[in-house]
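The listed protein sequences derive, respectively, from chains A and B.
Taking the working numbering, the leading residue of the first sequence gets 1, the next gets one more, and so forth.
Taking the working numbering, the leading residue of the second sequence gets 1, the next gets one more, and so forth.
A portion of the hints provided could be inaccurate.
The list makes no distinction among identical chains, and a pair is therefore deemed to hold if it is satisfied within one copy or across any two copies.
Said to hold, decoys possible - Taking lysine to aspartate or glutamate pairs in the EDC-like style, the calculated list, with each CA pair at most 20 Å apart, reads:
| # | residue 1 | residue 2 |
| --- | --- | --- |
| 1 | 159 | 181 |
| 2 | 278 | 167 |
| 3 | 27 | 139 |
| 4 | 253 | 7 |
| 5 | 44 | 87 |
| 6 | 72 | 87 |
| 7 | 44 | 86 |
| 8 | 253 | 282 |
| 9 | 230 | 121 |
| 10 | 72 | 86 |
| 11 | 210 | 265 |
| 12 | 27 | 181 |
| 13 | 159 | 282 |
Note that these hints are calculated values from the structure, not bench results.
Just so we're clear, the structure is a prediction, and the values are computed from it rather than from any experiment.
There are 2 protein chains.
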Amino acid sequence: MQILTAEMLEKSVDWQALMDGLIAGHKMPKAHIGDTLLEQGGRKFLARSAWIEGLGACTKAVTIYPDNSQQKPALPSVQGHLIMFDEATGAPLALLDGPAETRLKTAADSALGSALLSRQDAELLLMVGAGNMAGPLIEAHLAARPSLQKVLIWNRTEKRAAQLAADIKRLTGIDAEAISELDEAIPEADIICSATMSEKPVIKGALLSKGTHLDLVGAYTPTMREVDNKALARARLFADSFDTTLDHIGEYKIPLQRGAIQRSDVLADFYGLVDGAKGRLDDDDITLFKNGGGAHLDLMIAHHFANQ
Amino acid sequence: MQILTAEMLEKSVDWQALMDGLIAGHKMPKAHIGDTLLEQGGRKFLARSAWIEGLGACTKAVTIYPDNSQQKPALPSVQGHLIMFDEATGAPLALLDGPAETRLKTAADSALGSALLSRQDAELLLMVGAGNMAGPLIEAHLAARPSLQKVLIWNRTEKRAAQLAADIKRLTGIDAEAISELDEAIPEADIICSATMSEKPVIKGALLSKGTHLDLVGAYTPTMREVDNKALARARLFADSFDTTLDHIGEYKIPLQRGAIQRSDVLADFYGLVDGAKGRLDDDDITLFKNGGGAHLDLMIAHHFANQ
Chain A
1 MQILTAEMLE
11 KSVDWQALMD
21 GLIAGHKMPK
31 AHIGDTLLEQ
41 GGRKFLARSA
51 WIEGLGACTK
61 AVTIYPDNSQ
71 QKPALPSVQG
81 HLIMFDEATG
91 APLALLDGPA
101 ETRLKTAADS
111 ALGSALLSRQ
121 DAELLLMVGA
131 GNMAGPLIEA
141 HLAARPSLQK
151 VLIWNRTEKR
161 AAQLAADIKR
171 LTGIDAEAIS
181 ELDEAIPEAD
191 IICSATMSEK
201 PVIKGALLSK
211 GTHLDLVGAY
221 TPTMREVDNK
231 ALARARLFAD
241 SFDTTLDHIG
251 EYKIPLQRGA
261 IQRSDVLADF
271 YGLVDGAKGR
281 LDDDDITLFK
291 NGGGAHLDLM
301 IAHHFANQ
Chain B
1 MQILTAEMLE
11 KSVDWQALMD
21 GLIAGHKMPK
31 AHIGDTLLEQ
41 GGRKFLARSA
51 WIEGLGACTK
61 AVTIYPDNSQ
71 QKPALPSVQG
81 HLIMFDEATG
91 APLALLDGPA
101 ETRLKTAADS
111 ALGSALLSRQ
121 DAELLLMVGA
131 GNMAGPLIEA
141 HLAARPSLQK
151 VLIWNRTEKR
161 AAQLAADIKR
171 LTGIDAEAIS
181 ELDEAIPEAD
191 IICSATMSEK
201 PVIKGALLSK
211 GTHLDLVGAY
221 TPTMREVDNK
231 ALARARLFAD
241 SFDTTLDHIG
251 EYKIPLQRGA
261 IQRSDVLADF
271 YGLVDGAKGR
281 LDDDDITLFK
291 NGGGAHLDLM
301 IAHHFANQ
């Protein structure tokens, strides 16, 4: 069995290859997926499993200890590994560092969403939130849409946004700038990628310009959302996976429960889009993509690394 | 993270230490457990998770490909690993070979059942079935009840029983013998350990002598059972875990559904027995122990190996 460390996974990432892996995975028979979530106090233990006929099977087991960030010295709040199995023989093939695989999977997921849905001439990327995921997300978006010329970064604490902007400039050579007024930047953006820990919408739909692509990454619980009903009403709605978003993540679950949107308003997930479902119809459309994740996406990414 | 191979786990096993680990684990707060089972055709992918406050967390992910035994060359039908996490920090501590851990856990489970329930002067062990588990089960029973003087082994194909008897003699020095007539051996046995793949009862309760301890290992699906209703009616009934047996394994599930026994007839599981629940009341009692397994038992065994 190969042991793939975080360093090995994150060295010279080929975003196009990861997107190709996701596309290939969605052309295979639909994934069987299942989660086991155990909780004690504010801590969680999550085992996510997937099996795709012809591709393989995997389980990612992680502890989620939010209080770890307050330890001295601070410890990672998410720790664990993904184990991937060969479809033909059932043999264990590879053990991947869980947090690194998750970062790459999440960013590649958003990149594919943009490649399928954003305008091909998109020039300005607005990154909302400057947490751990922001760097990989910006890199992945730049790879998915090479027309991008500039990155604006907004964060609750501007200092972190400025640091990330400097890092992005250094690593990619692209023009990057921290901003303090989110509402002023929203109408300027061609692509907005949001990865905050917000419970309440941070992006006002009324401010969006025609043609914008919204990539929503941050919300991952039934109570979290990053955009308001106005954004949902103005946009063509998509997701990476119906199964992991509609009934599980507040971004769609809350407006569905309240009747602000119907299930049929979420037009397609990756299975549909890869199979030819209509995404963007014209340059004026606002497209909204919810990145919700799922063990089947982890499996497709793990398959790429285990077989490269 | 420690990588513990099958060879490392199975080298000079200390059965008493494994039993002590199970006892200690059952004195801790009750385990949170959960399974994810995915199926395709006759093949299964199973991820079993447990979390015990103060002890740690683990997930065991295994593929179960029954058809692997027909491959040329034959492949193992169960393959995978257990990953164990530190309770205090959430960090991954150890990766254990799944099939080896399962063999040791299963045998230690039966050993503890015998230590808690069989007669202290038991002399004759009857092993029913000579599959992969039979060797470790016999060794564990010998460790749990040092009064044992002789082992009889019955198997559908006698040749395999003879081979195992020779192995046991060589490895343990104890008198071991293959037999062809199961019904003749049953009344002679002080302890009967059954590990068959039978769907239908192989052990007739009417043949049991007073004082016998029945250790039932083989049945693991809702349709499997190894003893008949007569055995259940004559015995004091126990299990390693109420949670993994009563509603999940045919041994108790079928007679419960048919009204042959009531839930209250299953008197205690390991949590109760370790806490002082009455097991055997006198030397004439027949005791029946269903070994059903469960991720919490895997966790206790993994904790032993990760911390030794």
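Checking residue 27 and residue 181: alpha-carbon separation at most 20 Å within a copy, between copies, both or neither?
neither (42 Å within a copy, 56 Å between copies)
Is the C-alpha distance from residue 159 to residue 181 at most 20 Å within one copy, between copies, in both cases, or in neither?
within (14 Å within a copy, 81 Å between copies)
Please work out whether the CA atoms of residue 278 and residue 167 approach to 20 Å or closer within one copy, between two copies, in both situations, or in neither?
neither (36 Å within a copy, 67 Å between copies)
When Cα atoms must be at most 20 Å apart, do residue 253 and residue 7 count as within-copy, between-copy, both, or neither?
For residue 253 and residue 7, the Cα distance exceeds 20 Å both inside one copy (36 Å) and across copies (49 Å).
How would you label the pair residue 210, residue 265 (within, between, both, or neither) given a Cα cut-off of 20 Å?
So residue 210 and residue 265 pass the 20 Å test inside one copy only (19 Å; across, 69 Å).
For the identical chains here, do residue 44 and residue 87 meet the 20 Å Cα criterion within one copy, between copies, both, or neither?
So residue 44 and residue 87 pass the 20 Å test across copies only (11 Å; inside, 29 Å).
At 20 Å max between alpha carbons, let me know whether residue 253 reaches residue 282 within a copy, between copies, both or neither.
For residue 253 and residue 282, the Cα distance exceeds 20 Å both inside one copy (27 Å) and across copies (59 Å).
Are the CA atoms of residue 44 and residue 86 at most 20 Å apart within a copy, between copies, both, or neither?
Classified as between; 13 Å across copies, 28 Å inside a copy.
When no copy is named, should residue 230 and residue 121 be tagged within, between, both, or neither for a Cα gap of at most 20 Å?
neither (25 Å within a copy, 78 Å between copies)
Alpha-carbon proximity context of residue 72 and residue 86, limit 20 Å
between (40 Å within a copy, 17 Å between copies)
Up to 20 Å CA-CA - residue 87 versus residue 72, copy category
For residue 72 and residue 87, the Cα distance is within 20 Å only across copies (17 Å; inside one copy 43 Å).
If the cut is 20 Å between Cα atoms, do residue 159 and residue 282 qualify within a copy, between copies, both or neither?
Neither way: residue 159 and residue 282 sit 38 Å apart in one copy and 74 Å across, limit 20 Å.
Violated hints for the displayed structure, listed by number in ascending order: 2, 3, 4, 8, 9, 12, 13.
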